[in-house]
Amino acid sequence: MTPAQILVVDDDPAIRSVVTFALEKAGHVTRSAADWMAALAALAAAPADLVVLDVGMPEMDGLAVCREIRRTSDLPILFLSARDEEIDRVLGLEIGGDDYVTKPFSPRELVARVGVILKRSRTGRTVEAPGPRLERGVLALDAEARRVFVADRPVAFTGLEFAILRTLMSRPNRVFERGEIIEAAWEGAIHVSDRTIDSHVRNIRAKLAEAGCADPIETVHAVGFRLGPCEAAR
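Our numbering applies: residue 211 is where the sequence shown begins, and numbers increase by one.
Check each hint, because a few of them may be wrong.
Pair by pair, the computed Cβ-Cβ distance ranges are [stated by the list, open to error]:
1. H431 x S316: 31 to 39 Å
2. V239 x A322: 12 to 20 Å
3. R363 x P342: 17 to 25 Å
4. A361 x A292: 38 to 46 Å
5. V385 x E354: 35 to 43 Å
6. A366 x R318: 50 to 58 Å
7. V430 x P317: 36 to 44 Å
8. T212 x A366: 19 to 27 Å
9. A419 x A355: 30 to 38 Å
10. K313 x P364: 18 to 26 Å
11. E441 x S316: 43 to 51 Å
12. V239 x A355: 43 to 51 Å
13. P317 x A361: 43 to 51 Å
It is worth saying that the hints were derived from the structure and are not from the lab.
The structure presented is a predicted model; accordingly, all values stated were derived computationally and were not measured.
No residue lacks a Cβ here, since even glycine has one placed at the ideal position from N, Cα and C.
Based on the sequences and whatever the hints tell you, model everything.
Given below as structure tokens:
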């Protein structure tokens with residue numbers, strides 16, 4: 211994989227040192243920031259391919275920084291947090307995070323998760339390799355350009371949201387179990403709960419509904435999800 215430009219944001223210098231060392235050992239190029247102001251300034255000064263973002267920073271925490279980044283960018287974000295409550299993980303993913311690692315963590319696992327996110331953001335992946343353009347009602351997905359349209363209007367998605375939607379569109383009449391979606395979109399990442407899947411699907415539904423796509427994803431009780439008719443909202 212081509213070396214990535216990664217911004218590491220954490221107020222703890224020891225954590226920054228561990229993360230940057232592990233990522234650079236894996237061949238990536240890193241920059242670091244100790245607070246939200248330095249992080250946003252670094253992103254404004256030069257682009258990054260991914261941000262490793264601590265949740266528990268003073269003044270403006272990582273969740274607020276993520277919201278700020280999401281105003282203008284779908285840049286992949288991996289959260290680091292000392293909190294291991296499921297509600298914290300779900301909240302981080304719901305506001306636009308791509309993955310969540312709790313402290314203390316294995317540097318090897320963090321590097322692996324970063325690799326999965328980068329591969330997904332650069333190439334995308336589905337259960338079955340689809341053609342370059344997938345369509346369903348007013349919904350269209352351009353796999354090569356990594357863009358989604360509702361009635362020819364572009365809709366912005368994170369890399370993970372794009373991968374989930376692309377999976378569902380690859381076989382629109384098929385019900386995908388949550389485990390299949392995890393395998394397709396996360397490429398083997400561990401500790402992905404059903405609630406995490408549900409949070410991302412809820413985000414996708416909300417974005418498509420706001421863009422004018424009615425009933426884009428159907429929930430099949432106790433099984434999983436299936437792409438809906440994707441008709442124009444009335």
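Checked hints:
Range check, H431 to S316: about 36 Å between beta-carbon atoms, so the 31 to 39 Å window is met. At roughly 18 Å, the beta-carbon separation of V239 and A322 lies within the given 12 to 20 Å, and the hint holds. The supplied range of 17 to 25 Å is met by R363 and P342, whose beta-carbon atoms lie about 19 Å from each other. Between A361 and A292 the Cβ separation comes to about 44 Å, which falls inside the hinted range of 38 to 46 Å.
The supplied range of 35 to 43 Å is broken by V385 and E354, whose beta-carbon atoms lie about 27 Å from each other. Restraint check, A366 to R318: a C-beta distance of roughly 32 Å breaks the suggested window 50 to 58 Å. In this structure the hint that V430 and P317 lie 36 to 44 Å apart at CB holds, the actual value being about 39 Å. Evaluation of the 19 to 27 Å hint for T212 and A366 yields a pass: the beta carbon distance comes to about 24 Å.
Checking the proposed 30 to 38 Å range against A419 and A355 shows it is violated: the Cβ atoms sit about 23 Å from each other. Range check, K313 to P364: Cβ separation about 37 Å, and the 18 to 26 Å hint is violated. Taken as a hint, the range 43 to 51 Å holds for the pair E441 and S316, whose Cβ atoms sit roughly 46 Å apart. The hinted window of 43 to 51 Å between V239 and A355 is violated, with their beta carbons roughly 26 Å apart.
Under the hint 43 to 51 Å, the C-beta atoms of P317 and A361, about 46 Å apart, fit the expected range.
Comparing the model with each numbered hint stated earlier shows that hints 5, 6, 9, 10 and 12 do not hold.
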